[in-house]
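K.L.:
Protein sequences, first through last, are from chains U and R. Heads up: the first sequence at position 380 corresponds to 807 in the working numbering, and the numbers run straight through without jumps. Heads up: the second sequence at position 153 corresponds to 155 in the working numbering, and the numbers run straight through without jumps.
Be a bit skeptical, because a hint or two may be false.
Derived BS3-like pairs (lysine-lysine); straight-line CA-CA distance at most 27 Å [said to hold, decoys possible]:
{"no.": "1", "chain 1": "U", "residue 1": "Lys716", "chain 2": "U", "residue 2": "Lys655"}
{"no.": "2", "chain 1": "U", "residue 1": "Lys719", "chain 2": "U", "residue 2": "Lys655"}
{"no.": "3", "chain 1": "U", "residue 1": "Lys739", "chain 2": "U", "residue 2": "Lys754"}
{"no.": "4", "chain 1": "U", "residue 1": "Lys779", "chain 2": "R", "residue 2": "Lys127"}
{"no.": "5", "chain 1": "U", "residue 1": "Lys754", "chain 2": "U", "residue 2": "Lys722"}
{"no.": "6", "chain 1": "R", "residue 1": "Lys92", "chain 2": "U", "residue 2": "Lys789"}
{"no.": "7", "chain 1": "U", "residue 1": "Lys789", "chain 2": "R", "residue 2": "Lys124"}
{"no.": "8", "chain 1": "U", "residue 1": "Lys1033", "chain 2": "R", "residue 2": "Lys139"}
{"no.": "9", "chain 1": "U", "residue 1": "Lys690", "chain 2": "U", "residue 2": "Lys777"}
{"no.": "10", "chain 1": "U", "residue 1": "Lys996", "chain 2": "R", "residue 2": "Lys182"}
{"no.": "11", "chain 1": "U", "residue 1": "Lys940", "chain 2": "U", "residue 2": "Lys903"}
{"no.": "12", "chain 1": "U", "residue 1": "Lys690", "chain 2": "R", "residue 2": "Lys92"}
{"no.": "13", "chain 1": "U", "residue 1": "Lys690", "chain 2": "U", "residue 2": "Lys652"}
{"no.": "14", "chain 1": "U", "residue 1": "Lys716", "chain 2": "U", "residue 2": "Lys652"}
{"no.": "15", "chain 1": "U", "residue 1": "Lys998", "chain 2": "R", "residue 2": "Lys182"}
{"no.": "16", "chain 1": "R", "residue 1": "Lys167", "chain 2": "R", "residue 2": "Lys5"}
{"no.": "17", "chain 1": "U", "residue 1": "Lys779", "chain 2": "U", "residue 2": "Lys750"}
{"no.": "18", "chain 1": "U", "residue 1": "Lys627", "chain 2": "U", "residue 2": "Lys643"}
{"no.": "19", "chain 1": "U", "residue 1": "Lys690", "chain 2": "U", "residue 2": "Lys716"}
{"no.": "20", "chain 1": "U", "residue 1": "Lys1033", "chain 2": "U", "residue 2": "Lys1010"}
{"no.": "21", "chain 1": "U", "residue 1": "Lys962", "chain 2": "U", "residue 2": "Lys1014"}
{"no.": "22", "chain 1": "U", "residue 1": "Lys690", "chain 2": "R", "residue 2": "Lys34"}
{"no.": "23", "chain 1": "R", "residue 1": "Lys5", "chain 2": "U", "residue 2": "Lys690"}
{"no.": "24", "chain 1": "U", "residue 1": "Lys1054", "chain 2": "U", "residue 2": "Lys1010"}
{"no.": "25", "chain 1": "U", "residue 1": "Lys654", "chain 2": "U", "residue 2": "Lys719"}
{"no.": "26", "chain 1": "U", "residue 1": "Lys995", "chain 2": "R", "residue 2": "Lys139"}
{"no.": "27", "chain 1": "U", "residue 1": "Lys779", "chain 2": "R", "residue 2": "Lys92"}
{"no.": "28", "chain 1": "U", "residue 1": "Lys719", "chain 2": "U", "residue 2": "Lys777"}
{"no.": "29", "chain 1": "U", "residue 1": "Lys970", "chain 2": "U", "residue 2": "Lys1010"}
{"no.": "30", "chain 1": "U", "residue 1": "Lys777", "chain 2": "R", "residue 2": "Lys92"}
{"no.": "31", "chain 1": "U", "residue 1": "Lys654", "chain 2": "U", "residue 2": "Lys722"}
{"no.": "32", "chain 1": "U", "residue 1": "Lys666", "chain 2": "R", "residue 2": "Lys5"}
{"no.": "33", "chain 1": "R", "residue 1": "Lys167", "chain 2": "U", "residue 2": "Lys1029"}
{"no.": "34", "chain 1": "R", "residue 1": "Lys167", "chain 2": "R", "residue 2": "Lys182"}
{"no.": "35", "chain 1": "U", "residue 1": "Lys995", "chain 2": "R", "residue 2": "Lys182"}
{"no.": "36", "chain 1": "U", "residue 1": "Lys779", "chain 2": "R", "residue 2": "Lys5"}
{"no.": "37", "chain 1": "R", "residue 1": "Lys139", "chain 2": "U", "residue 2": "Lys789"}
{"no.": "38", "chain 1": "U", "residue 1": "Lys739", "chain 2": "U", "residue 2": "Lys652"}
{"no.": "39", "chain 1": "U", "residue 1": "Lys962", "chain 2": "U", "residue 2": "Lys831"}
Please keep in mind that the hints were generated in silico from the structure rather than gathered at the bench.
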Amino acid sequence: MKELTISSDAPGQRLFVLGNEAIARGAIEAGVQVAAAYPGTPSSEITETLAAVAKELDMYVEWSTNEKVAFEVALAASICGVRALASMKHVGVNVAHDPLMTASYIGAKGGLVLLSADDPWAWSSQNEQDNRYIAEQGYIPVLEPSSVQEAKDMMADAFKLSEQFRQLFMLRSVTRIGHARSDITLGEISRERRKGQFIKDRTRLVYTPREARINKPLMLERFEKIKKAVNTLPYNQLKLADGAKLGIIACGLSYSYTLEAVKWLEIEDRVSILKIGTPHPLPEELVIKLLKSVKEVLVAEELDPFVELHVKAIAGEHNIPVKIHGKDLLPRIGELSARKVTEAVARLTKTKTPVDFASIDKLEQETAPLLPWRPPALCPGCPHRASHYAIRVASRRVARDLGKEVEAIYPGDIGCYALGYNPPQEASDTIICMGGSFGIANGLARVVDAPIVAHLGDSTFFHSGIPPLVNAVYNKANITMMILDNSATAMTGFQPHPGTGYTAMGDETVLLKPEDIARACGVKFVEVVDPFNLKEAAETIEKAIRFEGPAVVVSRRLCAIIDQRERKKRKEETIPYRVDQDKCNRKCNACIELLGCPAIIKEGTKTVIDSSLCTGCGICAQVCPYKAIVPE
Amino acid sequence: MVKEFNILITGVGGQGVILMSELLGRAAVTDKLRVRGSEILGMAVRGGSVTSAIRIGEEVYGPLIPTGKCNTLVGMEPSEALRNIACLSKSSLVIINTAVTTPFTVFIGESNYPSPEEILEKLGKASGRIVQLDAAKTAQDAGSRLAINIVMLGALFGTGQLPIKIDTIKETIRERFPAKLAPVNIRAFDLGYETCRQAVK
Ligand SMILES: Cc1ncc(C[n+]2csc(CCOP(=O)(O)OP(=O)(O)O)c2C)c(N)n1
Ligand code: SF4
Ligand code: SF4
Chain U
428 MKELTISSDA
438 PGQRLFVLGN
448 EAIARGAIEA
458 GVQVAAAYPG
468 TPSSEITETL
478 AAVAKELDMY
488 VEWSTNEKVA
498 FEVALAASIC
508 GVRALASMKH
518 VGVNVAHDPL
528 MTASYIGAKG
538 GLVLLSADDP
548 WAWSSQNEQD
558 NRYIAEQGYI
568 PVLEPSSVQE
578 AKDMMADAFK
588 LSEQFRQLFM
598 LRSVTRIGHA
608 RSDITLGEIS
618 RERRKGQFIK
628 DRTRLVYTPR
638 EARINKPLML
648 ERFEKIKKAV
658 NTLPYNQLKL
668 ADGAKLGIIA
678 CGLSYSYTLE
688 AVKWLEIEDR
698 VSILKIGTPH
708 PLPEELVIKL
718 LKSVKEVLVA
728 EELDPFVELH
738 VKAIAGEHNI
748 PVKIHGKDLL
758 PRIGELSARK
768 VTEAVARLTK
778 TKTPVDFASI
788 DKLEQETAPL
798 LPWRPPALCP
808 GCPHRASHYA
818 IRVASRRVAR
828 DLGKEVEAIY
838 PGDIGCYALG
848 YNPPQEASDT
858 IICMGGSFGI
868 ANGLARVVDA
878 PIVAHLGDST
888 FFHSGIPPLV
898 NAVYNKANIT
908 MMILDNSATA
918 MTGFQPHPGT
928 GYTAMGDETV
938 LLKPEDIARA
948 CGVKFVEVVD
958 PFNLKEAAET
968 IEKAIRFEGP
978 AVVVSRRLCA
988 IIDQRERKKR
998 KEETIPYRVD
1008 QDKCNRKCNA
1018 CIELLGCPAI
1028 IKEGTKTVID
1038 SSLCTGCGIC
1048 AQVCPYKAIV
1058 PE
Chain R
3 MVKEFNILIT
13 GVGGQGVILM
23 SELLGRAAVT
33 DKLRVRGSEI
43 LGMAVRGGSV
53 TSAIRIGEEV
63 YGPLIPTGKC
73 NTLVGMEPSE
83 ALRNIACLSK
93 SSLVIINTAV
103 TTPFTVFIGE
113 SNYPSPEEIL
123 EKLGKASGRI
133 VQLDAAKTAQ
143 DAGSRLAINI
153 VMLGALFGTG
163 QLPIKIDTIK
173 ETIRERFPAK
183 LAPVNIRAFD
193 LGYETCRQAV
203 K
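Chain R on its own, in the form it takes in the complex (with noise of 0.2 Å):
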């Protein structure tokens, strides 16, 4: 019995990080585990921070992570990885995308952009270990763009550490898309999942 077990997942508006909550809720609920979850859509949805926070478990009640209690975050993006520090402890393992989207008020210089150094000194300091994949190229690797959500799932699994069983999460994967997409996805799932393995071996 899974008591908690809390993935939070951090991008930009667009990458898909609804789209990949909503697949491991799901997933979750056909292996029969309690799930709790929430987001922050709003505006954020043009552009801005987005974040979705995966709560599975039979001692799981509020929609959010408690400070410092995050088992695996997912950064879709590495700055917004950055952005969600607090909720990581020295417990934590985190998964980060190095591909970048620079926010625009970077290029107008109203903000800088870290660089990849500062990211993983802050991040190294706050959790346990830190898994780094370029999620863009594999996704194109995979035959799709748009599939870095799903990189980043199969990445997730490749922990090792979910609750939830490989072969549900894939199942939920074929139905949730056409059937000319399913494979593509699978394709950036497994992709992302040995990558991933081979990384925490």
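Same shape as in the complex, but just chain U (with noise of 0.2 Å):
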């Protein structure tokens, strides 16, 4: 038997994956012909997925250079009647803003679909945004899965359903959804393949002021036809108790918490339950229902109060005399769990909880404080590493010669090289958005007479870091702007971009250079360094904060992950540095305290180096006062 894949077409066959790949067999199914994304983490598995099997399956996915482009990709297919996904984390979303808030007036020909990937607590993002509000603005309707099969399903639905109503869809995915693992039955794969066809059509298509009057009402059309559909989805299910008093409206994966809860609590029979697999428009007729069965009603979310405020007014305007829950028992930070729907709905039936959690949180407090502090840390060999260094030795010789108080500033942006904000590099004043660095810097030249040198990597600078180094040649700021080359998106999984060479389906192409566009844009000062050869780099930096304007700096090194794996392939040796102890100076730990790589490790008072861990970068040896650091 061929084994079953991602990609078999095996309808009633179970299959054990991620999340993320359940989304995208959702999309394969549907037939999806056009996909494309930028990576973020919870949601770049989907692209993964999709691109390994695009040439098998006659589909077109690409890794656009930001998410605005990769939503106009999927807009324009869709446009051209063929079906197509865009694919993005919560805040990428903000950057496909702009043609998301027309594309809902234009509609929708061939499905369309915006996955949007949240995430609560913030797992690997910067903030916790809930972009069930982007999609109110736009009139989008939003399905949210509670389980991995239903992200699957909904994901092959939404196509049907945006064709059928003609509107754009949101698949709203979140982490513990993205990245959770279960199994899934397998449905039918659809072949059909579609021939884009662009059909003239002005009033629909350009975007004057008259054709957004002409089309706002449409749209609202639409989307009442979606408000009235959504009650007899199978998504959205109301299952009501003889004589309940307590109604749980659970929205998403809430609802997995909630049948958790109530199990736990043994009070199945006692509670109505309205699951919500479309938060907007939410099912008016259904939740009517529940509300007028009820006393009171307990609005399961995650995030914002979302659907809780809807349900307030529904029952406003429909004068039930129900009392409305939610964020008042339920947090509006993280995620929720079996747990907190337990406590609340325990709360709410005074009955008592299962398990005796003050003493599980009594023990988890004294235990927090013997804990060590683990974060994340840049890889032994991460070319980052040198390259913060490098920067940190070059703005301060140039500050000191500013004056004692001045203190150079270092705006950071976010990519690996965000994990040296931690000591011993502390290597980020600053990070708030893709690019932000660049910008940010633009910013800090208006009001502060201290060096700056921000930072970002290769891929956020075709992302959004070319505009704000436009910025800041047109207005003269006096910026050093480092471009961490690693030839990657590594934090997000090592995707391709346009600094690779290869595309999302691993075609050759043309390979960009972050140097000739800085040049281009007419910056002066413009070097590229070899991050390794830390003396080297240090001097460039420092010549670049000295250069009057702004000026740019490419420090250069494939990632050492990607690098071992290449090594690995050429079946070439990685010679592993060592310490000589009759050298090292027990006491200085300079090596670890500048570096902090992970290779490095203290055995009692010796320094030593593990030599699995060890890729031969070489800098701890530059850095070593008592050249006590030797290859092996």
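With the hints as a guide, bring both chains together as one complex.
P.N.:
So this is what it looks like as structure tokens:
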């Protein structure tokens, strides 16, 4: 028997998958023909999964330069009647926001789905924004799965719904869906492949004020139809319990926690439950039915009180005398859990919790001070570690010339190098959004006198680093812009980008160099350094900082993980370094305190290098004042 | 029919926590069991803490193990087992790899690593039973330093409590690794299995 994979046309078979693979499978089943995305946790595996089978299934899959472009690529395909998907993490939707708001006026011809991967508790993000609000703003209907299986089914259905109602749909995933694992039952794969057809239709596609005014009412009409239809979608389900006083409205994943909570409390037959799979628009008829049947309602949803506010509005409009709880009993921050829902329900039903949570909390609190702090760290041999070190050395030299009080400022950005904000590098003074380092540097230059050395990665440069670079040239900002070029979008899983020379589907393509772009943009100081040559790198950065006007330094070295992989393929040996114990001054600790490489460890008072981790980058040998670190 | 069996695997990025949960999940599906789980990867791949939950059974819905409902906690690193103490109850079993991975914050004096006694005292208070083994050494004995996760997987089956058949998990291991590496990993599994079985006898 052929092994079952994500692209097997084997309806009814079961497969154990990651949530994001299930979402990709849903798109495959729907016969998606164009999928565009920019990487971002927890969404990247969707596009990786699709890219891996794109040629086999005759799909087009791309990593776009950023989320706005990704969405526009998908939108164009939809306009031409082809099913298209754009995937991104929640903050990526901010970048795509502009076309998104007008796309909903256009509607959809080919099924058009936006996947937004939200991240409650900001496990791998800079905030925990709730994208249901963005959907509401754009009249974009939202499907929100309660399980991995449902995520797949919803994705497959979303394309059909989008075509049926001629509207763009959003599938809102969260970390615990995308990075959950589950067995799923596969559905049938659609083999339909359409030929894109662009039909000129200025009234629908050319947005001047006139078309906005023409199309908004049409959009509102479409939305009204969707509002009715969601009452009978299988994703919304009302289960009334006889004589129940309490009703729970559970949105998306919270439904799974709710099922566990009522089971745990053994009150399954005493509460009515409304499962919500479309938080926007809500199935109003079902909500009213529930509200009328109970005395109290708990809305269980993660993050903001989105469903709660709408339910309260419905209750008010229809004068239903029911007490509605939500964020008074459940947190606005972080993920929900079976426990949190159980405690809230226990309070409302005056039931005893099944477990003595207080004593568990007490033990956990007693344990916390014992735990070592284990922040994620840059890998051994990571080129960013060397860049950070060189940046600091250079900046300090210049700052010292300017006076004792002056300290250089390091606007940082989002990528692996963000891990260098922890000690010992402490390499970032601000991290806000992708491309933000260069933008913030532009503003700082207007109000402070210290040297300003901003850094971002190569993928981030192509994503959103170029406009602020042009801004610095245009407005003559005296800043240093570092591009840490490791030939990958490393943090999110080493995806290719315009600086790598190949595409998502593995085809070769032109390789763009940040230094060429910087020169073309009119930057007069552009240099490329190898960060593993600390001395030269620091000297060049120092020159850049002293240069009057915007300066760019590209610090180029392949990501250590990719480098190790490639060396293995080439059967090239890695020569690790070791500490010569006769030369090492036991007390100095410079290598550890300046670099924090995970391969350098202490064994009692001895400093040693774990040869299985060391990649032989050699920067520790360059910082050791006693020349005690040598190749093995 | 299994109603609910919860396994939490904890460790440090690079130890193979995720691979272990993948093997468990696949084997469970082969044995026609329902599986749910989730993991925290994100930034954690770069040497931070990693946890992965695998939940098996007909009455499992959510991706997370509810507080105090873990049946078996697999600690691939002692302090990481301790970090997840809140999932335990008096009926839980804890399996710990005694080999420590010291975070570098300890070397620069930013934090301290707890003593083995402190770890055992706290985990002892929270759980029913603790099994310790040096999985790093066992992996080396089996022939691969990298097989720590497979040793721990063997130990997990050595508890005799799992609803998955031993033959199924072994077959899953054989399928997952290239033919050349399979025997070493099966050996690692067997050694972990035996060590735990002796301990829980
Ligand atoms: C708008 C937005 N999109 C995506 C992400 C997710 N993300 C975080 S870091 C990163 C990539 C960074 O790549 P690069 O700049 O090359 O740095 P590296 O990780 O390779 O060092 C991405 C895509 C994000 N935080 N914000
Ligand atoms: S993955 Fe690459 S870029 Fe990221 S920390 Fe590791 S070596 Fe550095
Ligand atoms: S040479 Fe030094 S800094 Fe580089 S990986 Fe090895 S121990 Fe770490």
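K.L.:
Could you run down the list of hints and mark each one as holding or not?
P.N.:
Outcome of the hint check:
no.	hint	in the structure
1	Lys716/U to Lys655/U	15 Å, holds
2	Lys719/U to Lys655/U	19 Å, holds
3	Lys739/U to Lys754/U	12 Å, holds
4	Lys779/U to Lys127/R	23 Å, holds
5	Lys754/U to Lys722/U	18 Å, holds
6	Lys92/R to Lys789/U	15 Å, holds
7	Lys789/U to Lys124/R	11 Å, holds
8	Lys1033/U to Lys139/R	22 Å, holds
9	Lys690/U to Lys777/U	15 Å, holds
10	Lys996/U to Lys182/R	17 Å, holds
11	Lys940/U to Lys903/U	23 Å, holds
12	Lys690/U to Lys92/R	21 Å, holds
13	Lys690/U to Lys652/U	36 Å, violated
14	Lys716/U to Lys652/U	20 Å, holds
15	Lys998/U to Lys182/R	17 Å, holds
16	Lys167/R to Lys5/R	16 Å, holds
17	Lys779/U to Lys750/U	22 Å, holds
18	Lys627/U to Lys643/U	19 Å, holds
19	Lys690/U to Lys716/U	23 Å, holds
20	Lys1033/U to Lys1010/U	12 Å, holds
21	Lys962/U to Lys1014/U	24 Å, holds
22	Lys690/U to Lys34/R	23 Å, holds
23	Lys5/R to Lys690/U	12 Å, holds
24	Lys1054/U to Lys1010/U	7 Å, holds
25	Lys654/U to Lys719/U	20 Å, holds
26	Lys995/U to Lys139/R	25 Å, holds
27	Lys779/U to Lys92/R	19 Å, holds
28	Lys719/U to Lys777/U	22 Å, holds
29	Lys970/U to Lys1010/U	34 Å, violated
30	Lys777/U to Lys92/R	26 Å, holds
31	Lys654/U to Lys722/U	26 Å, holds
32	Lys666/U to Lys5/R	23 Å, holds
33	Lys167/R to Lys1029/U	43 Å, violated
34	Lys167/R to Lys182/R	24 Å, holds
35	Lys995/U to Lys182/R	17 Å, holds
36	Lys779/U to Lys5/R	23 Å, holds
37	Lys139/R to Lys789/U	35 Å, violated
38	Lys739/U to Lys652/U	22 Å, holds
39	Lys962/U to Lys831/U	24 Å, holds
Hint check: violations occur at hints 13, 29, 33, 37; the rest are consistent with the structure.
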